[in-house]
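Chemist: So the protein lines, in turn, are chains A and B.
Residue 261 is where the first sequence ends in my numbering, and the numbering goes up by one at each step.
Residue 261 is where the second sequence ends in my numbering, and the numbering goes up by one at each step.
Think of the hints as simulated: they come from the structure by calculation, not from any bench.
Where hints are given, some of them may not hold.
Identical copies look the same in the list; a pair holds intra-copy or inter-copy alike.
Stated by the list, open to error - Using 30 Å as the maximum straight-line C-alpha spacing, the simulated DSSO-like pairs for lysine-lysine come out as follows: (1) K210 x K225; (2) K210 x K109; (3) K219 x K199; (4) K219 x K178; (5) K144 x K225.
2 protein chains.
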Amino acid sequence: FTSLSLFSSAFSDELSHPSSILQYPSEAKKVVDEVDLHCTSWRLAAETNNLAPWSSIPAECADYVKDYVLGRGYVTDLERVSEEASVFDIDDGKDAWVFDIDETLLSNLPYYNDHGFGLELFDHSEFDKWVERGVAPAIAPSLKLYQRVIDLGYRVFLLTGRKESHRLVTVENLINAGFQNWDKLILRSPDEQHKMATLYKSEKRDEMVKEGYRIRGNSGDQWSDLLGSSMSQRSFKLANPMYYIP
Amino acid sequence: FTSLSLFSSAFSDELSHPSSILQYPSEAKKVVDEVDLHCTSWRLAAETNNLAPWSSIPAECADYVKDYVLGRGYVTDLERVSEEASVFDIDDGKDAWVFDIDETLLSNLPYYNDHGFGLELFDHSEFDKWVERGVAPAIAPSLKLYQRVIDLGYRVFLLTGRKESHRLVTVENLINAGFQNWDKLILRSPDEQHKMATLYKSEKRDEMVKEGYRIRGNSGDQWSDLLGSSMSQRSFKLANPMYYIP
Numbered sequence: 016f017t018s019l020s021l022f023s024s025a026f027s028d029e030l031s032h033p034s035s036i037l038q039y040p041s042e043a044k045k046v047v048d049e050v051d052l053h054c055t056s057w058r059l060a061a062e063t064n065n066l067a068p069w070s071s072i073p074a075e076c077a078d079y080v081k082d083y084v085l086g087r088g089y090v091t092d093l094e095r096v097s098e099e100a101s102v103f104d105i106d107d108g109k110d111a112w113v114f115d116i117d118e119t120l121l122s123n124l125p126y127y128n129d130h131g132f133g134l135e136l137f138d139h140s141e142f143d144k145w146v147e148r149g150v151a152p153a154i155a156p157s158l159k160l161y162q163r164v165i166d167l168g169y170r171v172f173l174l175t176g177r178k179e180s181h182r183l184v185t186v187e188n189l190i191n192a193g194f195q196n197w198d199k200l201i202l203r204s205p206d207e208q209h210k211m212a213t214l215y216k217s218e219k220r221d222e223m224v225k226e227g228y229r230i231r232g233n234s235g236d237q238w239s240d241l242l243g244s245s246m247s248q249r250s251f252k253l254a255n256p257m258y259y260i261p
Numbered sequence: 016f017t018s019l020s021l022f023s024s025a026f027s028d029e030l031s032h033p034s035s036i037l038q039y040p041s042e043a044k045k046v047v048d049e050v051d052l053h054c055t056s057w058r059l060a061a062e063t064n065n066l067a068p069w070s071s072i073p074a075e076c077a078d079y080v081k082d083y084v085l086g087r088g089y090v091t092d093l094e095r096v097s098e099e100a101s102v103f104d105i106d107d108g109k110d111a112w113v114f115d116i117d118e119t120l121l122s123n124l125p126y127y128n129d130h131g132f133g134l135e136l137f138d139h140s141e142f143d144k145w146v147e148r149g150v151a152p153a154i155a156p157s158l159k160l161y162q163r164v165i166d167l168g169y170r171v172f173l174l175t176g177r178k179e180s181h182r183l184v185t186v187e188n189l190i191n192a193g194f195q196n197w198d199k200l201i202l203r204s205p206d207e208q209h210k211m212a213t214l215y216k217s218e219k220r221d222e223m224v225k226e227g228y229r230i231r232g233n234s235g236d237q238w239s240d241l242l243g244s245s246m247s248q249r250s251f252k253l254a255n256p257m258y259y260i261p
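Here chain A stands alone, though its shape is the one from the complex:
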């Protein structure tokens, strides 16, 4: 603790006093927008699953989230995850890929555009009405990945928290948005309605594994799509700063 002791204590002080900036000889001072810094940090914590379940976005981040999802950030992030996911090769007919639907294959941005982008508390019956219109657009980079996965011969399982009674409208919406040739569309049966998503989705993946499938990829916008038992060889987390499903 000789030459670095000054650095060490300066570093610690910085970490306890976030209002100042770490000073290095080479660093130019930078004006940082406070709200942007705060909301960027909130978004990283949300995306890395560090937050306790949250029910609506922070009010002070409403404009930040809106700018993100309507601007180039969200699109860029969606494209990147699709591109990263596409590097795999497959072996035989038992390789499977699991896709979530909402905010993974289909976008509900038109709905959230009318509901504060996650600022308003989730309204089941309003959202059901939107789902029942069956007009959610495809997330284009996901459609691209989906098509590649199908072309490579993967078995495709669509595993959604949507309820069984929305099967027909969901199929219609998916097909109109360009999705085809999946192996199985799994929706929540009435007795699964109150299971936590992580458990429900784990049980469904357990069944796939029991049937001999190797889950090679899993794409979802929620960590509850990806974590639990029978986890995929690789998981791909799509950005979603608008809502959290435990």
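Since the structure of chain A is provided, determine the placement of chain B on it from the hints.
Modeler: Below, chain B without anything else, positioned relative to chain A:
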């Protein structure tokens, strides 16, 4: 597909043509810095574990990463994860918390400051020399969380990829940085040197669970600290845009 068909196709076009900006009546155009957008997206993908193992940061993001780790972003993110982690109560003496060491309790920023913040390929022998100096400063928000966890009566396990031969210097470094009273410091034995970190750390967590501990929290800067078997009830991912350990 009536009123929303235009939106739907516009949305899809947007996603395939990232050079334009999603247009909504309410959206003000915003000049976005290209490199910043690209590197912000890269960082999110890295932090959410969407990238295949990566060996060095993208060259074009060298300044971005440097500004992030030396500026207020990294500090803000470290503080947030520490604060989010501190909401737990405990039951009895079998509740445990697992901490990784490097970039979780101790910061190697002084080393990475001299080595391009992840731009240079990792140099084992150079890094060993740095570790052997034993002068890595504490990450202050982690020290705060650590202290709270100890005060609440958790058993604290330090689970690190550092090798057994670095035990003494690691203990000295930890104590000089303010960390005390852990229950067990687990380092890699020589025969564990070539295990993947995810497997090595899972096996060590398996042993804790076998001994009757409930792993309530796990703090680490790598997903290989957090994923695998015997996962913690809650995992806390600290930011680290500088290196990846599979």
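Chemist: Indicate, hint by hint, whether the structure satisfies it.
Modeler: For each hint, the structure was consulted:
Taking identical chains as interchangeable, the C-alpha atoms of K210 and K225 lie at most 30 Å apart whether they share a chain (21 Å) or sit on different chains (28 Å). Taking identical chains as interchangeable, the C-alpha atoms of K210 and K109 lie at most 30 Å apart whether they share a chain (28 Å) or sit on different chains (28 Å). Proximity of K219 to K199 under the C-alpha cut-off of 30 Å is restricted to the intra-copy arrangement: shortest distance 11 Å within a copy versus 38 Å between copies. Taking CA atoms no more than 30 Å apart as the test, K219 paired with K178 passes inside one copy only; the shortest distance there is 14 Å, against 40 Å between copies.
Proximity of K144 to K225 under the C-alpha cut-off of 30 Å is found in neither arrangement, the shortest distances being 36 Å within a copy and 49 Å between copies.
When held up to the earlier numbered hints, the structure conflicts with hint 5 and nothing else.
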